[in-house]
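Protein chains: 2
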Amino acid sequence: MISEKMIRMTENGSAIRAMFEEGARMAAKFGRENVYDFSLGNPNIPAPEKVRQEIVRIAAETDPMELHGYMANAGYPEVRARVAASLNRRFGTAFSEDNIIMTVGAAGGLNVLLKTLLNPGDEVLVFAPYFLEYGNYVSNFDGVLKAIPANIEGNFQPDAEALRAAVTAKTKALILNNPNNPTGVIYTAETVKAIAAVLEEKQKELGTSIYLISDEPYRELAYDGKEVPYLTKYYRNTLVGYSWSKSLSLPGERIGYAVIPSECDDARLIFDAAVIANRILGFVNAPSLQQRVVAECLEESADVAAYDRNRKALYEGLTEAGFECVYPDGAFYMWVKTPGDDREFSENAKKYNILVVPGTSFACPGYVRVAYCVSLDMIIRSLPAFRRLAADYGLSK
Amino acid sequence: MISEKMIRMTENGSAIRAMFEEGARMAAKFGRENVYDFSLGNPNIPAPEKVRQEIVRIAAETDPMELHGYMANAGYPEVRARVAASLNRRFGTAFSEDNIIMTVGAAGGLNVLLKTLLNPGDEVLVFAPYFLEYGNYVSNFDGVLKAIPANIEGNFQPDAEALRAAVTAKTKALILNNPNNPTGVIYTAETVKAIAAVLEEKQKELGTSIYLISDEPYRELAYDGKEVPYLTKYYRNTLVGYSWSKSLSLPGERIGYAVIPSECDDARLIFDAAVIANRILGFVNAPSLQQRVVAECLEESADVAAYDRNRKALYEGLTEAGFECVYPDGAFYMWVKTPGDDREFSENAKKYNILVVPGTSFACPGYVRVAYCVSLDMIIRSLPAFRRLAADYGLSK
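Residue numbers (this note's numbering), protein chains in the order written: chain A, 2 to 398; chain B, 2 to 398.
Heads up, a few of these hints could be off.
As the list claims (entries may be wrong) - Cross-link-like lysine to aspartate or glutamate pairs, in silico, EDC-like; alpha carbons within 20 Å at most: (1) B/Lys6 / A/Glu124; (2) B/Lys227 / B/Asp309; (3) A/Lys6 / B/Glu201; (4) A/Lys51 / B/Asp64; (5) B/Lys51 / A/Glu67; (6) B/Lys30 / B/Glu348; (7) B/Lys171 / A/Asp123; (8) B/Lys6 / A/Asp123; (9) B/Lys6 / B/Glu134; (10) A/Lys171 / B/Glu5; (11) B/Lys234 / B/Glu201; (12) A/Lys6 / B/Asp266; (13) A/Lys51 / B/Glu62; (14) B/Lys6 / A/Asp267.
To be verified - Estimated spans, in silico, between C-beta atoms of each pair: (15) A/Ser376 / B/Gly32: 56 to 62 Å; (16) A/Asp99 / B/Ala170: 20 to 26 Å; (17) B/Tyr71 / A/Leu207: 39 to 45 Å; (18) B/Lys351 / A/Ser87: 50 to 56 Å; (19) B/Ala73 / A/Glu201: 43 to 49 Å; (20) B/Gly32 / A/Glu300: 25 to 31 Å; (21) A/Ser87 / B/Arg33: 43 to 49 Å; (22) A/Glu348 / B/Glu50: 51 to 57 Å; (23) A/Ala86 / B/Phe21: 23 to 29 Å; (24) A/Arg91 / B/Glu50: 35 to 41 Å.
Calculated directly from the structure, the hints in this document are not laboratory data.
Note that CB positions come from ideal geometry on N, CA and C, so glycine has one too.
Work the whole structure out from these sequences, hints included.
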């Protein structure tokens with residue numbers, strides 16, 4: 002008998018796989034151009050040209066021993082120093098290389114941080130709706146994920162009062178994903194201040210340290226000049242997980258970093274333990290070539306304006322068709338209210354070759370996530386199909 | 002309180018860090034050219050020129066969306082098919098892409114396999130001396146590592162009878178590292194057959210599946226035309242973890258693969274679970290650019306002849322000085338018997354600016370590991386220092 006935990010996961014995993022397979026089947030049957038796949042958070046804007054130039058330049062110029070050899074498990078000191086300097090310049094922080102660990106994407110970074118923090122039975126809080134994978138990351142280290150219900154009336158801004166009710170003596174961390182997947186909402190400075198105040202109060206009351214883990218792969222995807230608060234400035238015990246997957250469209254390369262500010266409780270111990278966790282989980286270090294590439298591209302970003310055009314076209318099209326959508330300020334997801342059950346809705350959408358993810362997959366039924374990291378052309382072509390779907394539900398105006 | 006397991010590890014970790022720091026201190030004090038650092042298994046032979054050419058070509062020619070985007074968590078199907086074809090051609094196996102998962106190095110692959118297999122309390126066997134990191138990998142998933150004592154009389158070939166005595170109903174796996182770190186010994190076909198026979202017998206007797214995990218980052222580093230048996234041909238329940246870290250000198254890039262042969266017990270389930278484990282541990286997938294690079298370099302290898310020259314020079318120099326060494330057939334390590342305690346010996350060696358790792362760090366006291374993935378020049382310059390050390394122990398002839 003192999004791992005029972007993993008056997009259970011292969012059984013649960015099949016629903017998601019079934020969706021991918023359905024997409025492929027539909028494309029084969031109807032032609033790829035007639036299938037409207039909004040199910041995946043895979044960036045469709047290419048990496049900036051500078052990424053290509055730097056790969057070529059670095060490979061051509063660097064001694065291969067230096068380029069591909071081991072370095073400190075935390076990553077190249079000079080790369081970490083440049084990441085710290087970039088954060089300091091943009092957010093007014095005061096990090097140095099000793100606060101930065103280069104990681105295998107944000108997923109790798111979150112696993113490293115959770116392995117560092119959690120004892121079996123420790124609780125990790127998250128606000129619904131949330132990326133369900135967090136539950137797996139927490140379970141890897143025998144922690145318990147507890148979801149705080151979605152604040153639907155509050156336009157999906159986390160509710161600090163609900164947080165107060167959820168914190169216990171076993172609460173080790175709160176994961177905050179801002180801008181949010183799946184809602185596209187940016188948590189405001191006011192929201193963050195209220196959360197920080199509750200955490201401070203609870204730390205004092207319980208005599209514990211509660212770490213705020215900021216998962217921010219979508220930080221650079223904010224529209225209309227909206228600000229995404231930098232959490233270490235609002236709450237002392239903040240740890241950050243970042244990835245260039247979205248901002249530089251490099252999801253396959255697995256490159257990101259974690260921030261462990263010096264002012265955290267047990268900061269030095271957490272840093273040292275996280276470096277060891279990075280090693281013994283088998284990451285060892287973030288991929289060496291990509292560390293050097295991102296260090297040269299800290300001022301670059303994917304073409305956010307293209308996602309913005311998609312956002313506007315999709316929002317306009319869906320609201321015109323009669324759907325109620327959360328107007329997204331960040332990321333590349335539209336959060337759409339479903340008339341009736343969300344799983345049923347996503348099944349019905351398939352009749353029109355539309356693929357969307359039910360809100361149930363983010364612990365928030367009654368909505369679907371429409372990922373608009375697709376071509377604008379596909380969005381425009383999909384709108385008649387969305388209108389027919391709306392008509393079936395009696396929504397069309 | 003952060004993870005107690007990790008706090009203990011930061012305390013243990015400091016001994017190794019102290020050695021690195023000592024090396025840096027010595028280099029600063031005496032000059033780098035006067036310090037003989039044989040402590041690290043970091044390849045000193047550069048990656049083949051084709052690696053550089055392929056990085057540049059692939060980056061220049063490939064659509065960045067395809068090159069840096071997500072792919073199946075198991076890796077690009079075409080890369081996996083080419084890896085399978087290369088194994089089939091070289092070892093007479095019959096793998097397809099459905100038997101291969103691209104991994105973040107062998108360390109990532111081993112963690113994925115262990116997460117897939119282990120229930121808490123399951124035992125994983127290993128023959129001493131062994132890479133102590135295995136203990137951490139097993140402990141990540143609450144397994145119990147049990148070491149089988151070194152077969153010193155049998156020239157460090159694993160002893161099948163000792164294996165028979167060690168297997169229990171809780172034995173889930175045996176990790177075999179061939180060619181071996183730290184001894185440089187290649188386990189022969191006879192050894193492998195004897196191990197396979199015991200495992201078959203015990204599986205029948207206990208009614209369990211016992212997986213043989215072949216950790217083979219040193220496979221291509223074999224000298225004098227010595228053959229490294231391909232374990233899936235000797236034992237049905239074999240899983241393989243491989244890395245290009247040593248064969249292509251790419252340790253910083255974190256690229257390898259796992260093999261899950263179709264004839265294994267629960268092969269399909271293991272494959273599916275391993276793909277999920279790869280995702281939820283935070284690897285997600287092996288770095289995308291490097292997947293394409295290694296697929297073009299399957300026929301390449303680092304300059305093994307250079308390691309061979311080092312091997313001969315070091316063996317000759319050390320035996321001439323009076324040391325008793327295991328003559329290494331593979332990898333880039335010399336296993337040297339210490340007159341007296343190995344930790345004391347490695348301390349005494351520092352007086353002559355020689356850094357070597359005590360056998361105690363591989364669960365086998367009475368020896369030290371001398372890593373000869375260094376310049377031939379350094380080996381030659383170090384020999385007078387080794388001779389003085391031998392004289393202190395009354396060894397010199």
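Each hint tested on the structure:
Only pairs whose Cα atoms come within 20 Å are accepted, and B/Lys6 paired with A/Glu124 is accepted, the gap being roughly 17 Å. Taking the CA atoms of B/Lys227 and B/Asp309, the gap is near 13 Å; set against the 20 Å cutoff, the hint holds. Restraint check: the Cα-Cα separation between A/Lys6 and B/Glu201 comes to about 26 Å, which exceeds 20 Å; the hinted pair is violated. A C-alpha spacing of about 14 Å is found between A/Lys51 and B/Asp64, which places the hinted pair at or below 20 Å, so the restraint holds.
With a CA separation close to 16 Å, the supplied pair B/Lys51 and A/Glu67 stays within the 20 Å bound. Distance hint between B/Lys30 and B/Glu348 is fulfilled; the C-alpha atoms sit about 17 Å from each other, no more than 20 Å. Of the pairs offered as hints, the one joining B/Lys171 and A/Asp123 is violated, with about 28 Å between alpha carbons and a cut-off of 20 Å exceeded. Restraint check for B/Lys6 and A/Asp123: the C-alpha separation of about 14 Å stays at or below 20 Å, so the hint holds.
For the hint linking B/Lys6 to B/Glu134, the alpha-carbon distance of about 15 Å falls within 20 Å, and the restraint holds. About 15 Å separates the Cα atoms of A/Lys171 and B/Glu5, which keeps this hinted pair within 20 Å; it holds. Under the criterion of a C-alpha separation no larger than 20 Å, the hint pairing B/Lys234 with B/Glu201 is consistent with the structure, at around 14 Å. A distance of roughly 18 Å separates the Cα atoms of A/Lys6 and B/Asp266; the hinted pair therefore holds under the 20 Å criterion.
A distance of roughly 15 Å separates the Cα atoms of A/Lys51 and B/Glu62; the hinted pair therefore holds under the 20 Å criterion. This hinted pair checks out: B/Lys6 and A/Asp267 have alpha carbons roughly 15 Å apart, not beyond 20 Å. The hint said 56 to 62 Å for the Cβ distance between A/Ser376 and B/Gly32, and at roughly 60 Å that hint holds. Restraint check, A/Asp99 to B/Ala170: a C-beta distance of roughly 48 Å breaks the suggested window 20 to 26 Å.
For the pair B/Tyr71 and A/Leu207, the beta carbons lie near 40 Å from each other, so the given range of 39 to 45 Å is met. Distance hint check for B/Lys351 and A/Ser87: the Cβ-Cβ separation is about 40 Å, which falls outside the suggested range of 50 to 56 Å. Our hint of 43 to 49 Å for B/Ala73 and A/Glu201 holds, since their Cβ atoms are close to 44 Å apart. The hint said 25 to 31 Å for the Cβ distance between B/Gly32 and A/Glu300, and at roughly 39 Å that hint is violated.
A/Ser87 and B/Arg33 have their C-beta atoms about 32 Å apart, which leaves the hinted 43 to 49 Å range violated. For the hinted restraint 51 to 57 Å between A/Glu348 and B/Glu50, the CB-CB distance of approximately 54 Å keeps it satisfied. Between A/Ala86 and B/Phe21 the Cβ separation comes to about 26 Å, which falls inside the hinted range of 23 to 29 Å. One distance hint, 35 to 41 Å for the beta-carbon pair A/Arg91 and B/Glu50, holds here, with the actual separation near 39 Å.
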